[in-house]
Amino acid sequence: MLIVLLILLPLICAGLIVFNPKGQAKYIATGATLVSVVIGAIALIQFDFSQAALDQMVVKAPWVPALGLELSLAVDSVSLLLIALTVLLGPICVIGSFTAVKHDVKTYYAWLLVLQSAMIGVFAARDLVLFYICFEFTLIPMYILISLYGSANRKKAATKFFLYTFTGSVIALAGFVYVVWFHASLEGNSWTFDLAALGESARMMEPAQQGWILLALLSGFAVKVPLFPVHTWLPLAHTEAPTAGSVILAGVLLKLGTYGIYKFALPYAPEAVVEYAPLIGVLSVVGIVYAGLICWVQTDVKKLVAYSSVSHLGFCVLGLVAINSVGVAGSVMYMISHGFSTGALFLMIGMMYERYHTRSMREVGGLGSTMPVWSSFMVFFVMASVGLPGLNGFVSEIMCLMGTFQSYGWTGEGGAHPGGTLGVLGPWFAFFAGTGMIVAAMYLLIMTGKMVWGKYREPEGHHEHDELPTDLNAREIGLLIPLAAGCLIFGLYPKPLLNAIEAPVNETVAYYEGLVPVPELEAGMTTVANEGDHDTEHGEGDH
Amino acid sequence: MAEKLASLWPEITLFIATCIVMVVGLSPSAAVRRTCGLISGVALAAAGILAIGTADQAKGLMPGLLPYAKAVIAFVGVLLTMLLTGVVDRFEEEAIEKGSAGFDPLRSTRGEFFAFFLFSMTGLMLCASADSLIWLFLALELTSLPTYVMVAMSSPRQKAKEAAVKYFFLGALGAAVFLYGFALLYGGTGSVHLAEIQTAIAAQAAEGSINPIALTGLVIALLGIAFKIAAVPMHFYAADVYQGAASPVAAMLAFVPKTAGFITIILLCAAVGWNHGPMGDQLPEIVRVTLWVMAALTMIVGNVLAWLQSSVKRMLAYSSVAHSGYMLVGVIAGPGDAFTSSGVAAVLFYLLAYGIMNTGAFAVVSALETRQAARTDTGELVHDEADDINAFRGLCRHNPVLGWSMVLCALSLLGFPLTLGFFGKLPLFTAGIDAGEIPLVVVLGINSAIAAFYYLRLVALPLFEHPGDEAEAYVESPNHGRRVVGVVAAGGVLVLTVLASPLMDAAFDASADAPLPVAESEPPGEQTASLD
Amino acid sequence: MPDLVVSTLAQADFPEVMHAITLYHYLLVSAVMFCLGLIGFVTRRNLIIMFLCTELMFQAAGIALIAFGRFYLDYTGQVFVIFVLTVAAAEAALALALVVLLFRRKESLDGTAWAVLKG
Amino acid sequence: MLTDVMNSLPMLTLAAADGAKGSGPLIESWAAAPGWVLLIPLLPLLAAVLNVGCAIAGVKTKLPAVITIVSLAAAFVLTALAYLSFSGETRIVTGWSWFDLSWGDGPGQSMKADFGFYIDNLSLLWMLFVTGLATLIATYASEYMEHDVGQGYNRFFFAFALFVFSMSCLVLGDNLLMLYLGWEGVGLCSYLLIGYFYKKPEAVAAAKKAFIVNRIGDLGLAIGVFLTFVHFGTLEYAELFSSEQLAGYIDAVKAGNAGDVPLMAQLIPVFLMIGAFGKSAQFPLYVWLPDAMEGPTPVSALIHAATMVTAGVYLIARFYPVFLVSEWALPVVAWIGAFTAFLAATIGMAQFDIKRIMAYSTVSQLGYMFAGLALLSSTGGVFHVLTHAFFKALLFLCCGAVMHGFAGQLDLRKLSGLWSQPGWRVVSVGMLIGCINLAGVPFTAGYFSKDMILAEAFVTQGPGYGLIGWLLLLTAGMTAYYTFRVFFRVFVGPVRYEPGDDDHGSSDHDHEHDQSDAHGHDGHAHTDHAQHPFHPHPPRLAINGVLATLSVLAVLAAGLYFVTPENKGWVGSMLKDSTAAQVYFDGESDHPTRAGLFLIDGDAHHRDHAHADDHADHGEHAAHGSFLGFDPHKVMYYVSAIVGAIGIGFAAWAHGPRGAVSGFLGDRTEAATSRMDAVARSFGPIPKWAEHKWYVDEFYHFLFRAPLWVLSHIFHAIDKLLVDGLVNLIGYVPRAFGRLAQPGQSGVLHGYALSMAGGVAVILLVVMMVAG
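Chains as they are written, first to last, in this note's numbering: chain A, 1 to 543; chain B, 1 to 532; chain C, 1 to 119; chain D, 1 to 772.
It is worth saying that the hints were derived from the structure and are not from the lab. Hints are supplied without guarantee of correctness; some may be wrong.
30 Å max Cα-Cα, derived DSS-like pairs, lysine-lysine [what the hints assert, rightly or not]:
(1) K155/A x K303/A
(2) K199/D x K60/D
(3) K303/A x K156/A
(4) K112/D x K495/A
(5) K22/A x K102/A
(6) K200/D x K303/A
(7) K455/A x K634/D
(8) K156/A x K22/A
(9) K254/D x K634/D
(10) K98/B x K159/B
(11) K455/A x K60/D
(12) K495/A x K303/A
(13) K59/B x K4/B
(14) K106/C x K118/C
(15) K156/A x K720/D
(16) K303/A x K102/A
(17) K156/A x K26/A
(18) K200/D x K62/D
(19) K22/A x K155/A
(20) K159/B x K106/C
(21) K102/A x K155/A
(22) K688/D x K200/D
(23) K303/A x K106/A
(24) K106/A x K26/A
(25) K155/A x K720/D
(26) K156/A x K106/A
(27) K159/B x K118/C
(28) K303/A x K60/A
(29) K455/A x K62/D
(30) K102/A x K26/A
(31) K199/D x K62/D
(32) K155/A x K106/A
(33) K455/A x K200/D
(34) K303/A x K720/D
(35) K199/D x K303/A
(36) K200/D x K60/D
(37) K118/C x K156/A
Construct the complete structure from the given sequences, taking the supplied hints into account.
Structure, rendered in structure tokens:
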């Protein structure tokens, strides 16, 4: 019931906003999102984490029985955590827009709330069509937010965003329907869109079928992630979106893609994932380095962070296709932590933009002296984004990389490689992805160097904002503190999160048992060649 | 005879109303004249109710089809009636009201206009009731012939005449083609009765091969009927005619002949049966290939051409072409033992969805007109319709009702989730995949995406732009029926998603009489051939 | 197409008397008429002649119907033709009305003169 | 007494488990440490948090310094207590569980890393000087940074305290991820502190460079961590060092079957080494350290001289057993270390900025430490870490005092005769003590520690180790030269000075001047105070006190060499129970080069080269190297003293006052300067190249940064044109089709009729062909 409430409350409040005077819109929206946070907290408390892999808080209602559709909502720990992230970002986006949004405020807050409902719906849906509907429906509010409240090039950006992701997901729908049909044909023509039931059937598909399904699903989700080379909509959309839009886009919407891969591609097409993981891995790694290097030459700070999202999400996908517990858990952690750090970066850039009306690092910079509070937070979140240990980025990044490293044909001989897992990526993937850490340090520090450090620069004709002080005000600091606290807490004490997602992740990984081919022992890779006489001695030496 | 009549009460009702309207339209009293639209609407509503009421009397090849099809036709017909009000007589009535002209029964066309409309609707309903090729031919012609006239009289502008010319002559060509196909079909089976054709073809199939003349006739008939549904290769007229005709008439053209065409195609295919082919689960290969090629080309050609248009009516016309392509996928898929696997049911449901959303879109188009009336070269006054897409700029700002109606209808046409369009398209996906037509479903998916490109303009321009000079030149038409239709349609695409299930059940019942394929659920492994 | 007809004829068991002029011949005539109509429709510019060409096509179908009716020894084909003629008459009326209307507008019956709407 | 009380305090968590019994795990068992040990890292963290609070509250006093000093002192006291109460048995204390993910019950099927601390002699040794020096330097900084009170003061001490916390995590961490946490944590603090004067572009660039170069090393470390986990199935030291697998490898190496060790295990040290090279500024990743001198001097002293940069040495010492399983890991370290020592010394000789000279000297000395570790003298290496920490911190702080007093002046050409200036005596004496240590003047701490390494270089057999020894010896001479070059130029001679740019931190790094220019500058130098409003302000109590204390400590450090001589000094006694225990040659081995390594349990087979009478044995070993036919252990005392003396003498000749004997009172002559010029000229362009740091930065720029920069632009262009262009092209395809189909819509009736008829015909034909 809590989940239903979480979905309905923003919708109802969006309706209230429409029918109430303009001035009240932001307060209604604030109230709605804050209450959502409380509900989310209650849901977290009520959730039985000892059964984290099970769907809990199940709500089912008939919907379109003719099609086999159900209004089926439930959460496992991964879904619940992502919902928690969504509701947490809710009030931050709303309150963060108080001074930024000047026109059409009712439309703005109403759609922001609708967007929140849709996102929660995506994570909570346990019916494929319901998932798809929510997944697609996130496009509309985002489309409107970018189109109406973005900057100069907003319409092109919004259209590209909409069409790109819509095109991908229509093909994904075909894949979904194929899975549903396959299930129906297995189960005596009983059509259902129930996720759990579908997964079991889907895994019985032939590898070739799974390959096509994977391709279809990826065309929907990879665009959303976005994975190289289908990422080009993102920098545009991010740059043009209003601050709250960017925060939600980076914080949650991109995660719909990785969540989709985690929730559908991995369990539905395991054999195909094993087969194509190297390819996906290569794309991820190329994306990490490629987007990272592109960040380097950006002068638009928002575009830089946008490209950094492309780079970062590469780690996330890499962890997923590592298909071992560390990698997948790292990836889930990445979904959450990226929401905090990159969301915060976008928020901060928005705060700067409100004051200077430019995003160009050529025009504005050296804010350390005039905006010390802003600068301190900036450095903090940059460090979180760089993956500094002790902050959230590190936990997820190192796990993704470690999962990738582990995911290799490690053959344990004589007790060697107990920490390895079977997989198809391996050290080289980890190494090249790891260079992304260096590149990340490069571009983020260059950004910090220009924005925070150095001599103060302001755009021509700059004058003080009439509502906002030079540095952050209490409202803005209040927005950043929860995010900073999240970064710090998840960085220093990620254990509760890890424990929570352990069971569902292990369940997903369990689908892959026996699927990954055990390679022949390669001379030179695991043991120095020249076995022979020494071998026995070595064996003895081990005891 | 009486038994047969029992199922024809809706048509009879409409026919009687037609006669009444013709007479009433000539009345010197303006108040009485004005009841034409009302009478038509009431008659259509009554016909719809009667259709449901006489459901158990239904006869023919697919008796289940009758009540559903007629009810849908009646419902959309009511919407169309509201749109059509005021198309032909607005200036005439205004002049009479101002006293600048007297009522001249010889020049008044109001009665005829509604009469033609009702004739057409009658023909449409008769299509559904048809049990023989003769009946089918007559019903199709009854549907089409009045629409030719309606196009011509819908607007005093030259382009309406041009549209009428093209529509009429090409329509005659199409009619000749399908008539020739009917003749061959009769020749190949020895009967014009659909039921007997069905038996004959089943017998021929059992003997090994279906008479090639029958198959050729069927293919030619389908190609001829492609004109009615505006499918490739008979789609050329569509854009010109829709653009030339007044929007309410264009709305009607997008629904009425298309429905007639699809009902005919379904009936013909049902007569042939979906139990041929190597697996015994599809149409005879030659028919399937015909429809396949038609479907794929129709979707693609419709969408790519729609993309290029800046005229909303042309865009909607080409999109109507594309929608025919989508529905053909359902026809190819054929019936199934559940709604999800029944392509026929999907088509029938889609017809309803399409009727509502497309009428809604045209309603918004027809509700906008130029602020200043202009004179045509023949001296008649006319408020031109908003045709250029820029007329819709910022519509949500200066006319939220119309603007949002347009946005919702466009989203629904685009097949966006949570609208009726999505629920219409989803069964096409499921049925197509169930029938193993995966390449076609992929084409369908890609085309849905292409469609997004141009429908999105209909969403973006009203929603995000500020009305420029061009848009300022347009105001809402004084005929508020059109606004109502827009709102009803926009509401419908949202509200009916909640009621989708009963409607889908009804559509499934309507398709239930189509001959089921022999082996419905074959082992999945063997279906993979099409995937590999 | 002729192959198909021949094979059909081979299957059919029809009376010896028809050997002289067979169904095949009627169908051939019908097909030729249909094609002539089609060609005429495409090539002629005068609207009235174009309409007449469609009539030709209608009648081609009529011949086929009657031939088949005779072949099956029932009246259905002829009944169908009666209806076709009726409809054709209605269409003719419509066509003439339209032609008159158009002629009034443009003083021309050239079909190609009406080409404003395009794209 | 106090320790007992502390021991009875409630413990936060205890991680106690018995190590597996094997044929020779490195750690037999480990026990829980008392919970208060956690306070050692947490106190600096608390200070950091409080300093943030000060910043928020807008404190405009020296409160942050007080907080930091007190907490650091407390941490030092606790460390000392821990040392005093340490029994020799490895102890672990767990704060809280950090990483915890398991996917099975088997070994290696869980990823566990606690926020836990590992107490053994090695970590205690490190923590003792880290906390001790940090306390002293914080005290120094409280005065040094006073001009920034209320502005950057809070920030400075926040980062300072955070650094000590991070360093504690690095050193004390009980697993590889904690090490990594500390590793990057100190990197962050280093970044923040180098960039302290953030309005200076050089400082910002240097901070960035330090972080990024370190990241390269960090990637190596990360891969080392991954490899360790994959190969050994654990990240925790206790499990790793008690694993039978590792013991087995070492047994195999002992038995001469080094080839049996899996390649993956052999690769672990290689990657760890890369991490160490990054953090400890070894070739090729040393380039960040000289630039890091843009930070405030206390930072240079603490982070970039004494503590952080020794993290790499710690890493290798900690993973010494792991390094032993590879045949070529340690030789590579040795060569890199020696080469870096030499390279940095050459650059150091040619610099004019005294802080830079000290920076290159640090790089050079770190090279010694690496070489020492790699040459199987972990005691020597670690001892040098310890002595170097004191004297280099002292040197830096003295430089800092000069900089502080002369408005940021650091150019040795523009300063002279500080010894004779009032108020600079403490600084001068401190500088002298630092210099003699660094130069390796006999009986100083630096002399003993360097000597151990030098001797071992000639003793240990390995690929080209003899050459390493000579290289290190040569470097020792160069070190003596450049050290005293600074001393003679700045502290003795006539009183002359020229103030720096303006305030602290904006030192003049004018490397573009060549020597003749510099000479001209000297001529213009102000000799009369009256002509110039600038007055140098000598250090006050805090700085002088710290300098004095450090001087004393640097001198006393020599005494450690004589504590427990059987273990080669106190450091040896500390190391023998740790993972960095001394490793020896096995005399009976048939493998002449590097075979027969084995680990001893501590006191069994130790070799003590401090006692010359033991060396008789060594002469018999074929494996034992020699120095020109002498036993290196015996002669190295004399050789290194002589080499040092030559270096100092040359410095005196070239830069010293006339008549050095006359107590530093003489005047530096034109003749001396011209002598130096003549010498420099005789080397051709080499001094110039050395001054430009052998153009390594430019080379890196050319080799890495520029290509990457170009590549980034290319990628950006590709992204815009190709990737996005392709997308747009795909978007254009339907439109192109549309354009293709549009001519069909000509609007002409006949055209439509033809198309329809043709379409019907074509479809019929197609259908007939496909299906018929």
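Original post:
Is the hinted pair K159/B and K118/C satisfied, with a Cα-Cα distance of at most 30 Å?
Top reply: Holds. K159/B to K118/C sits at ~11 Å (cutoff 30 Å).
Original post:
Has the given pair, K106/A with K26/A, been kept, meaning a C-alpha gap of at most 30 Å?
Top reply: This hinted pair holds, its Cα atoms lying about 8 Å apart.
Subject >> K455/A paired with K200/D [C-alpha distance capped at 30 Å] >> reply: With Cα atoms ~7 Å apart, K455/A and K200/D stay inside 30 Å; holds.
**OP:** Take the C-alpha atoms of K102/A and K26/A, compute the straight-line distance between them, and say whether it is at most 30 Å.
**Re:** 11 Å, holds
Original post:
Straight-line Cα separation of K688/D and K200/D no greater than 30 Å?
Top reply: 27 Å, holds
Subject >> Straight-line alpha-carbon gap K155/A to K720/D, limit 30 Å >> reply: 18 Å, holds
**OP:** Would you mind confirming whether the straight-line C-alpha gap from K495/A to K303/A stays at or under 30 Å?
**Re:** 33 Å, violated
Original post:
Are the Cα positions of K155/A and K303/A separated by 30 Å at most?
Top reply: 17 Å, holds
**OP:** Sort out whether K118/C lies within 30 Å of K106/C, counting only the CA atoms.
**Re:** 19 Å, holds
**OP:** Take the C-alpha atoms of K303/A and K60/A, compute the straight-line distance between them, and say whether it is at most 30 Å.
**Re:** 42 Å, violated
Original post:
Is K199/D close enough to K303/A, meaning Cα to Cα at most 30 Å?
Top reply: 25 Å, holds
**OP:** Could you grab the alpha-carbon distance between K118/C and K156/A and see if it respects the 30 Å cut-off?
**Re:** 29 Å, holds
Checked against the numbered hints given earlier, this structure breaks hints 7, 12, 28; the rest are met.
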